[in-house]
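> Chain residues, written in single-letter form:
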Amino acid sequence: MALFEGLSEKLQNTFKSLTGQGRLSEKDIKEAMREVKLALLEADVNYKIVKDFIKNITDQAMGESVMKSLTPGQQVIKIVKEELILLMGRENEKIRYSSQPPTVIMLVGLQGAGKTTTVGKLGALLKKDGKQPLLVAGDIYRPAAIQQLKVVGEALSLPVFSLGDQVDPVRIAEEALKEARSKGHDVLIMDTAGRLHLDEALMKELATIKAAIKPDEILLVVDAMTGQDALKVAQGFDEILDISGSILTKLDGDTRGGAALSLRAVTRKPIKFAGIGEKYTDFEAFHPERMASRILGMGDILTLIEKAEASFDEEKARQLTKKMKNQELDLEDFLEQMQQMRSMGPLQEIMGMLPGMNQKAMKNIQIDEKEIVYMQAIIQSMTPKERRNPAILNGSRKKRIARGSGTDVPRVNRLIKQFDQTKKMIRQMSQMKGKFPGGGMNLPF
Amino acid sequence: MIKSFFEKMTRGLVKTKTQLTDRLDNLLNQYGAIDEDLLEEIEEILITADLGMATTLGVIEDLRAALVEKKIKEASGVHDVLKEVLLRHLSSEAAGLDYEAAPQVILVIGVNGVGKTTTIGKLAHRFKARGRSVLLVAGDTFRAAAIDQLKTWGQRIGVETIAQQTGSDPASVIYDGIQAAKSRKTDVLICDTAGRLHNKKNLVMELGKIFKITSREYPQARLEVLLVLDATTGQNAISQARAFKEVADITGIALTKLDGSAKGGIIFAVMEEVGIPVKLVGLGEGLDDLEDFDAATFVDALLS
Ligand SMILES: Nc1nc2c(ncn2[C@@H]2O[C@H](COP(=O)(O)OP(=O)(O)OP(=O)(O)O)[C@@H](O)[C@H]2O)c(=O)[nH]1
Ligand SMILES: [Mg+2]
Numbered sequence: 000m001a002l003f004e005g006l007s008e009k010l011q012n013t014f015k016s017l018t019g020q021g022r023l024s025e026k027d028i029k030e031a032m033r034e035v036k037l038a039l040l041e042a043d044v045n046y047k048i049v050k051d052f053i054k055n056i057t058d059q060a061m062g063e064s065v066m067k068s069l070t071p072g073q074q075v076i077k078i079v080k081e082e083l084i085l086l087m088g089r090e091n092e093k094i095r096y097s098s099q100p101p102t103v104i105m106l107v108g109l110q111g112a113g114k115t116t117t118v119g120k121l122g123a124l125l126k127k128d129g130k131q132p133l134l135v136a137g138d139i140y141r142p143a144a145i146q147q148l149k150v151v152g153e154a155l156s157l158p159v160f161s162l163g164d165q166v167d168p169v170r171i172a173e174e175a176l177k178e179a180r181s182k183g184h185d186v187l188i189m190d191t192a193g194r195l196h197l198d199e200a201l202m203k204e205l206a207t208i209k210a211a212i213k214p215d216e217i218l219l220v221v222d223a224m225t226g227q228d229a230l231k232v233a234q235g236f237d238e239i240l241d242i243s244g245s246i247l248t249k250l251d252g253d254t255r256g257g258a259a260l261s262l263r264a265v266t267r268k269p270i271k272f273a274g275i276g277e278k279y280t281d282f283e284a285f286h287p288e289r290m291a292s293r294i295l296g297m298g299d300i301l302t303l304i305e306k307a308e309a310s311f312d313e314e315k316a317r318q319l320t321k322k323m324k325n326q327e328l329d330l331e332d333f334l335e336q337m338q339q340m341r342s343m344g345p346l347q348e349i350m351g352m353l354p355g356m357n358q359k360a361m362k363n364i365q366i367d368e369k370e371i372v373y374m375q376a377i378i379q380s381m382t383p384k385e386r387r388n389p390a391i392l393n394g395s396r397k398k399r400i401a402r403g404s405g406t407d408v409p410r411v412n413r414l415i416k417q418f419d420q421t422k423k424m425i426r427q428m429s430q431m432k433g434k435f436p437g438g439g440m441n442l443p444f
Numbered sequence: 000m001i002k003s004f005f006e007k008m009t010r011g012l013v014k015t016k017t018q019l020t021d022r023l024d025n026l027l028n029q030y031g032a033i034d035e036d037l038l039e040e041i042e043e044i045l046i047t048a049d050l051g052m053a054t055t056l057g058v059i060e061d062l063r064a065a066l067v068e069k070k071i072k073e074a075s076g077v078h079d080v081l082k083e084v085l086l087r088h089l090s091s092e093a094a095g096l097d098y099e100a101a102p103q104v105i106l107v108i109g110v111n112g113v114g115k116t117t118t119i120g121k122l123a124h125r126f127k128a129r130g131r132s133v134l135l136v137a138g139d140t141f142r143a144a145a146i147d148q149l150k151t152w153g154q155r156i157g158v159e160t161i162a163q164q165t166g167s168d169p170a171s172v173i174y175d176g177i178q179a180a181k182s183r184k185t186d187v188l189i190c191d192t193a194g195r196l197h198n199k200k201n202l203v204m205e206l207g208k209i210f211k212i213t214s215r216e217y218p219q220a221r222l223e224v225l226l227v228l229d230a231t232t233g234q235n236a237i238s239q240a241r242a243f244k245e246v247a248d249i250t251g252i253a254l255t256k257l258d259g260s261a262k263g264g265i266i267f268a269v270m271e272e273v274g275i276p277v278k279l280v281g282l283g284e285g286l287d288d289l290e291d292f293d294a295a296t297f298v299d300a301l302l303s
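Keeping their order, the protein sequence lines are chains A and R.
Number 252 in numbering that gives the first Met the number 0 belongs to position 253 of the first sequence; there are no gaps in the numbering.
Number 181 in numbering that gives the first Met the number 0 belongs to position 182 of the second sequence; there are no gaps in the numbering.
This is chain A alone, in the form it adopts within the complex:
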């Protein structure tokens, strides 16, 4: 469904015919709001939340500044994004540690949301923070759920408390708390069985556990791919448990993740963490602002910058930034950056975070890890002059390079095309630069 290729683009198009006239009518704004509505619905934000949201931003968009702006599309985007961030919460919120340890954390949620894995990931994260968590196997229903937590605990060198699957979870919780106290664990993280918010008996079980161990944090674990139902699920769990926040899992998928917004809007509780992969370290603090961009299809540029900053040589990056600014980037830099990007994680993932890199755009760029080996061979078969100025590559030069690198001309052409696209992207990104706070822009290429 190529219907919703990213809201920025859409709005830009909606307003394109109008630039020059410089003024917008109410009808134009309505049209723009329709685009926003479609984009949010396509991102799985709940219908009711979208309705309220649109009502809210329409008034603002009708304001002077947008109507008179020369770049109304960007103005509208800005309003939408700011409102989204307001709704999502601006800052990441951390775990509230109890003044009287152990801090008791309980994870709850639907079946298959990812609770058990998340118990392990959270435990590992808090351990890195200097805590000594005790994991508690409270899912007595799903076959092998206890065994799963035990394996996770072992892999992470975290102790797991279990009484098997024949003991009432409420008692497991109570005994675990005693154990945490007596063994000096300052954090207890309790896994619970997945359940439907509609299941009265099992919801009551959670309420009883809550009453028994009085958790400092009850975190609702939600699959980022959840659709419209996210609203009812969040409502259901919050109503009975008064949750303290939530965790969004499977964000390494390609979902836009509108569920995050529904979740936040109905519970008014912060989303604290995000699961971003199958490895136990693939877990991080949740950043509302980035999520807002993602829902809008604007790419997760902040995450990209952070990743880039974390794994790049400062000095090299500075040189590169300068080169980029002066549009002097050459194929040698390109190759080097490609190689560096590999150390940042799968290329696809990185590319996906770039604004404008929706699936369609990704198809054009598609940099296979294997491809890099070819790239290297091709670039190394070029003369220094060619590397600095690929524009001189004519047919016979390409043939020579193809032979020298053991590839073929189409491959050489593909590389040149990718290089050009990268340059174009860099140009786009440096134009966006001003919009992002602290955007040092030490970009990977």
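Calculated directly from the structure, the hints in this document are not laboratory data.
Predicted model only: the values in this text are computed from it and were never measured.
Please note: incorrect hints may appear among the correct ones.
If we take Cβ atoms under 7 Å as the criterion, some of the chain A residues that face chain R in the derived model are [what the hints assert, rightly or not]:
no.	residue
1	L37
2	L40
3	E41
4	D43
5	A143
6	Q146
7	V151
8	A200
9	M224
10	T225
11	G226
12	Q227
13	D228
14	G252
15	S404
Yeah, the Cβ is synthetic: ideal placement off N, Cα and C, and Gly gets one too.
Starting from the structure of chain A, add chain R with the ligands where the hints point.
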């Protein structure tokens, strides 16, 4: 059987006590003549059932046309027409599961946590109840305790599970399974696979390899490739179906967790755009909570 599908799917609503009667009928009762407001409310029902914007707009358009054609002007006539239109969008020639064919291999795939392993347990139970011999293969060698989970189901049902160690090559386990099924003349071989996100190229390619091995090593067997989709999933289910279809000839969908409050409307787009029929629905965590898909019941529950 069909009745229980509907009951389970709507049980949730009854439980919440907020909507004891049909949601659509409630709406229609408030209207006399059909107007734009009504159509917008219907749009809301469809979108909140996860049909997605494109499908919803298509359905509303068809509904308009059908109402004009049938000269229906009163809200009271809308229910049947809407149901008809929705059914038209869901129609497919594909048959359900083949409970008779033997030997057959059922390969079960999907993203993490959708209900693959549980569905296999239920499936094995169904085939066994129909007198078929069944063998399970623990093709999820990645997730912690995934093998134990499948084995537990196997024991519960009384069927054997072929397995290797966690961390071993899934294709090789499945190969083992095929050899065992051949030599024992097992009717139905059901293979579990690790949950994987569809945008992880390597993992999807691994699945492609598993699919190839299965079709190559056991050409005499009827091959059923079931994609498991979670009814709670939103628009992302379309890209899941697309990506998996690129590496395996998916023959059907098992739509799970319809016992919750999610309606699973995403399958309209999956059927229309990706062209895969729904064959099974999951309605709970018990052995018997699996039913053959029935479009009319599904639509009824969706509008309830
Ligand atoms: N309510 C409900 N729960 C279900 C249904 N099908 C599966 N589940 C539950 O969903 C959870 C995940 O199911 P699994 O069968 O482990 O899912 P999976 O796809 O094999 O998961 P991975 O192998 O980890 O990717 C379990 O708690 C199941 O009991 C269903 O139809 N309804
Ligand atoms: Mg499984």
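> Any hints this thing doesn't respect? Which numbers, in order?
Hints 8, 15 are the ones this structure does not satisfy, whereas the remaining hints hold.
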